[in-house]
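According to this note's numbering, the sequence shown is numbered sequentially starting from 1.
Treat the hints with care, as some may be off.
Using 25 Å as the maximum straight-line C-alpha spacing, the simulated PhoX-like pairs for lysine-lysine come out as follows [as the list claims (entries may be wrong)]: (1) Lys78 <-> Lys167; (2) Lys73 <-> Lys23; (3) Lys78 <-> Lys127; (4) Lys60 <-> Lys73; (5) Lys23 <-> Lys60; (6) Lys78 <-> Lys23; (7) Lys127 <-> Lys23.
Restraint ranges, calculated between C-beta atoms of paired labels, are given here [said to hold, decoys possible]: (8) Lys23 <-> Gly83: 21 to 27 Å; (9) Asp228 <-> Asn55: 17 to 23 Å; (10) Asp30 <-> Glu158: 54 to 60 Å; (11) Asn38 <-> Glu158: 36 to 42 Å; (12) Asp234 <-> Glu19: 39 to 45 Å; (13) Asn213 <-> Lys23: 50 to 56 Å.
Just so you know, these hints were derived from the structure itself, not from any lab.
Model, not experiment: these values are computed from the prediction.
Glycine included, C-beta positions come from ideal geometry on N, C-alpha and C.
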Amino acid sequence: MSRPLSFSPNPERDKVANEEHVKIASSGPDALDSWRENNPEVQLDLEGADLSGLNLAGTKIRDANLKGANLSKARLSKANLAGANMAGVDLTEADMGQAGMAGVDLTGADITNANLFWTDMKGAILKNAVVKHCRMNRVNLIGADLTEADFTQSNMIEADLRNAEMKDAKFQSSCMNGADLSRSTMDGADFNLAMIRDSMWIATDVRGASFTNASLHRSDFTFAKWDDTTTFPDKFDPEDTGNKEVNE
């Protein structure tokens with residue numbers, strides 16, 4: 001069912017969403033997929049649109065312009081959003097479980113209390129994004145830019161964070177058991193009170209990272225890089241299990 005068109009006011013932006021595109025999106029997944037099939041070369045322009053609560057599950061909206069849109073409580077599970085511009089988007093309480101979001105730009109987005117279970121976010125940009133209290137089990141964040149992103153109290157069990165840039169990111173009180181953070185860099189990252197048991201840190205650069213009061217039981221720091229700027233939990237020594245420190 002369609003609903004009245006709505007746009008998020010932003011006096012600093014002189015560009016607003018295409019009204020026809022908003023109407024199509026508001027009509028539901030079938031209408032949107034039909035339009036996409038008939039207009040494969042046209043970029044879907046939903047910049048600044050109010051799409052809160054909409055059902056867009058399973059839709060193909062890759063490379064869309066969703067900058068500054070309101071997608072709070074939207075249903076985006078299994079949607080194809082790869083390559084979309086979602087900078088500054090409101091995704092609070094949205095369901096993006098198993099969605100395809102590789103290469104998505106989520107700079108400055110608010111993703112609080114969202115579902116990202118098994119979501120593909122390979123190579124995504126989450127600079128300064130707020131990703132608190134999210135369900136992110138088995139999320140794919142390989143090669144993602146998480147600079148200054150806030151994942152406080154998120155559930156990231158078995159998340160794949162290999163080769164990610166995590167400078168100044170916050171993971172306080174998050175559950176990351178079984179996560180793979182191999183070959184990532186995280187100068188200034190904060191893991192205070194995080195649960196990161198059985199995790200992989202192979203060749204990870206943890207210089208400047210803080211693990212104060214974190215649980216790193218059975219974690220593997222083989223070939224990881226650390227120095228006196230790395231704060232490990234009391235009584236934790238990454239060399240105790242035969243792991244090796246590589247200094248350059």
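- Between Lys78 and Lys127, does the CA-CA distance stay at or below 25 Å? At roughly 23 Å apart (the allowed maximum being 25 Å), Lys127 and Lys78 satisfy the hint.
- Message: Looking only at beta-carbon atoms, does the pair Asp234, Glu19 fall within the given range of 39 to 45 Å?
- Response: Between Asp234 and Glu19, where Cβ atoms are some 59 Å apart, the hint is violated.
- Query: Taken at face value, is the distance from the CA of Lys23 to the CA of Lys127 at most 25 Å?
  - Reply: Given pair Lys127, Lys23 is violated - Cα atoms ~30 Å apart, limit 25 Å.
- Task: Sort out whether Lys23 lies within 25 Å of Lys73, counting only the CA atoms.
- Result: The given pair, whose Cα atoms are some 18 Å apart, holds under the 25 Å limit.
- Item | Agreement of Lys78 and Lys23 with the hint, judged by alpha carbon distance not exceeding 25 Å | holds (22 Å)
- With 50 to 56 Å as the target window, see if Asn213 and Lys23 comply at their CB atoms. 51 Å Cβ-Cβ, so the 50 to 56 Å window holds.
- Message: For Lys78 and Lys167, compute the direct alpha-carbon distance and say whether it is at most 25 Å.
- Response: violated (29 Å)
- Query: Do the alpha carbons of Lys23 and Lys60 lie within 25 Å of each other, as the hint requires?
  - Reply: Within the cut-off at roughly 16 Å; holds.
- Message: Lys60 and Lys73 were given as a pair; does the straight-line alpha-carbon distance stay at or below 25 Å?
- Response: holds (19 Å)
- Query: Does 17 to 23 Å hold as the CB distance between Asp228 and Asn55, or does it fail?
  - Reply: Violated: the Cβ-Cβ distance is about 52 Å, outside 17 to 23 Å.
- Query: When you take the CB atoms of Asp30 and Glu158, is the distance between them in 54 to 60 Å?
  - Reply: violated (34 Å)
- Message: Quick check: does the Cβ-Cβ distance between Lys23 and Gly83 fall within 21 to 27 Å?
- Response: holds (23 Å)
The structure does not agree with the numbered hints 1, 7, 9, 10, 12 stated previously, though it agrees with the rest.
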